[in-house]
Structure formats: structure tokens, C-alpha cells
Amino acid sequence: MINAYLLTYGSTTLVAGRLADLYGRRRVWILGGVLFSIVTGLIPLMPGVAWMNAMRLLQGMAAAAAFAGAMASLAQVFDGRARAKVFSLIGTTFGAGAAGGPLLAGGLIDGLGWEWVFYLPALLAALTVPLVAVASVESKHPGSPRLDWLGAATFTCALGSLTYAMIVLPEYGALHAKTLVPLLLSVILLAAFIAVERSHRTPLLDLGLLRNRRFVGVQVLAVAPAFCYVVLLVLLPAGFIGVEGLRPSEAGLAMAALSAPLLVVPLASGHLLRWMPAQVLCCAGLLIAAAGLAWLAQAVDAPSQRWLPMLVIGIGIGLPWGIMDGLAVSVVAREQAGMAAGIFNAMRLAGDAMALAIVGIMLSARIGAHLMREAGPVARATSHKLSVGDLAGVAQELPGVSRTVLANAYLQALHGQLLILAAATVVCAVVLWYLLREERATAQAGGGQ
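Counting in the numbering used here, the sequence shown runs from 1126 upward without gaps.
Just so you know, the hints here were simulated from the structure itself, not pulled from any lab data. There may be inaccurate statements among the hints.
Estimated spans, in silico, between C-beta atoms of each pair [said to hold, decoys possible]:
| hint | residue 1 | residue 2 | range |
| --- | --- | --- | --- |
| 1 | Ile1319 | Val1389 | 39 to 45 Å |
| 2 | Asn1178 | Ile1313 | 39 to 45 Å |
| 3 | Glu1240 | Gly1370 | 22 to 28 Å |
| 4 | Gly1518 | Thr1327 | 50 to 56 Å |
Because the structure is a prediction, the values reported are computed rather than measured. We put the beta carbon where it would ideally sit given N, CA and C, even for glycine.
Input sequences plus hints: build the corresponding full structure.
Shown next, in the form of C-alpha cells:
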């Protein structure tokens, strides 16, 4: 249910962005919003999980269209400082969703029922469509070349196969057919996509952009938050609810410290661009988040203390969060804004899926190693269940092991995992420092203009 949305959102966002450039950014924005509202409202009415999953797949496609159309449209209207301000405001609204979403969702589940987790966003999406229709203007690529359909098909299937492989990897392992087949298929399809793009007159993705160091840096920036923030949005609530026994609303409140800074910091980051380059803001933010992760590793088993390191992580990730979407469309020509927004979000979602998979595997392995010392070898599926917070289910499978031992195994594994995430975040900051730096000649030319 969770991953179906991520699967299609990540794998279709580049195609959605290119469609927006070619056939109308406002049109794709509105169509995506209408489809998202309808599909989201229908999900709770579906007769079974299979139908709900199918609708979640459509929901992800609709969200990709709406988001890519919106980002590309805004990139046509605003430039310079105005664009930085607008995109930092968008980052703040993302922060509002991240900060209030878990708390609101927990309250909806406890008060009105889980169905309202879908009904409310469906209603909000329906309300935005007429606003977009009235307030936005249409724009598209001059000359309107045709879409590279073969490139679109190979890229979408390649990224979809890779994302699916990452989703099932923690549960089945790297050598299981359910993981290995889609992983190999993604490699083959990616090779086919590159071949198609090299020969196509108007490719879906201009491969020449890969020679642009800052463009590559933006793609690394898209992946970096997965290690220091996005993983925590999945990892921590699972532990709070499944291991510590908090109610959904209580878990949402506990998560507020992590996401609350995103209500303020992204907007402040947009203003700081007047005096500090994006390279400094992004790298400083990641290093602050890394320090928060290392601190959280020491306080993860102390509910009264962990809110402060979570707050530090939120402040750190808020610095790049407010500027990275604007940066994504600023490193390419304006007519390629939809493509840039599309590949940026494709990389962001692929990075999220890979980070979640890698963390899931490592956390499960660490839990298995801890349990081996207490209860002997346990099945991969058992340690995987505990890694996603299913302590009650594991306690039934291992009746001879106390819940205290299981909780300690989870917390010790989480401690080590947080330190690894801190190290990965530092590596991302170092790489970005090199990739996002501006060439001296380019900067001087820009200053003269």
C-alpha cells in the first residue's frame, strides 16, 4: 500500500515533466490534479487490497503529472530572486505537510477512521484545480516536438523495475528471484534507454546534461535527504508504534520535532541565498543533519531526550529543502524545466526507495545478529518483521524470547544504523561541495551580466 504510490510516482515523473514541456505545463498540472483527486477519493471505496493497490499506482502517476506540471509552470513565470523566494515557499509547504502530516494522519485514524487519510487530500486536490485554472498561464516548448515514446517506455519500465527490486530486497534478499529478475531487467532497460536517447532527435532526457557538473550535483542533492530525513519518516514511527506501543496520534506528535523546522527553515534558506551560495547552504545543512543523526543514535532509547537531536536534523535538512527544487530547474535552459523537474523527482524517489531498501537490509541483519546472541539463529523473515516494528508478531513466533530482549535488539540495531546514516550524509555533503561549486569564469560572467 505504501510502496505502490512511490513506485509509479518515481518512475513516471520524468515522462510527466517532458509531457508538460511539449503539450502544455498548465494542462498537465490540471489533468494531474483532477486525476489525483478522483483516484484518491476512490481508494477507500475499493472492494479489496488488490484494487486499492491498483488505485495507488494510478495515484502516483497523477501526482507525478501534477507536480511536474506545477514546477515547470512556475519556472516559466519566475526568475532570479523571485524564483528563489517562490521555490523556498514551496519547500515550506512541503515542510508543513511533513510536520503536520503524521500528526494529522494519526488524529484522523483515531478520530474519523483511516479512510479520511485519503478523503482529505482528495478534497484538497479538488479545491486546488480551479485555483490553478484561474491563476496560471499556459506555456510549452516552442515548436512542440513529439514525445520520445520509446525512451519514455524504456525509462519508466527501467526505473519501475529498479524501484520494485528495492522494495522487495529487504524481505527476500539480493539473490531471490523476486529481487534478482527485476534488478537485471532494470539494467537491460536502462541500457536500451541510453541507446534510444543517443539516436533520438528530441530525446526524453538530454544526455549531454550529464557533462554539466552542477546538473549532476542536483541529482545527488535529490538523493541526499533520503539518508538523513526520509528514512526516518518510515523508520521512527514504526518503532514508536510497534516497539514502544505508542498510539498513531502519539507517534505523530513524537515525529513533530523532526519535521517542525521545515515550517520555517526552508523559507529562511531562500532568503539566505542573497548572501550565501547554494553550495554552502546545502552542504552546511547536510552536515548539521549528520550531527543530529549521530546525537539521535545516543538518545534513541530516551523519549524525553531524543526530541532535541530530531529538531537538529530537521533544521539541517530544512536548509537544502527550501532551495533544491528551484536549483533543479535553474541549472538547465528554461524550455527544459519540465524535464529537469521530472528527472530531479525521479532521482529523489529512486533514492528514497534505495535508501529504504539498504537501511531495511542492514537493520534486519543487525537485529538478526543481536537475536542470535540471545536466542540462537532466527529466520530472515523474523528479523525483517522486527525491523519494521512488528514486535508483537515476532513475540508470537519466538515465545521463548521476552519482549524486553526483542526491544533491546531493535534499539541496539537502530543505534548502529543511525551512525551509518550520519556517515552517509557526510559523504553526500563532501560530494556536493565539489559538484555544486560554480566555475570562477562563469560566476564572473554572470556578475557582469
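In rising order, the numbers of the hints this structure does not comply with: 2
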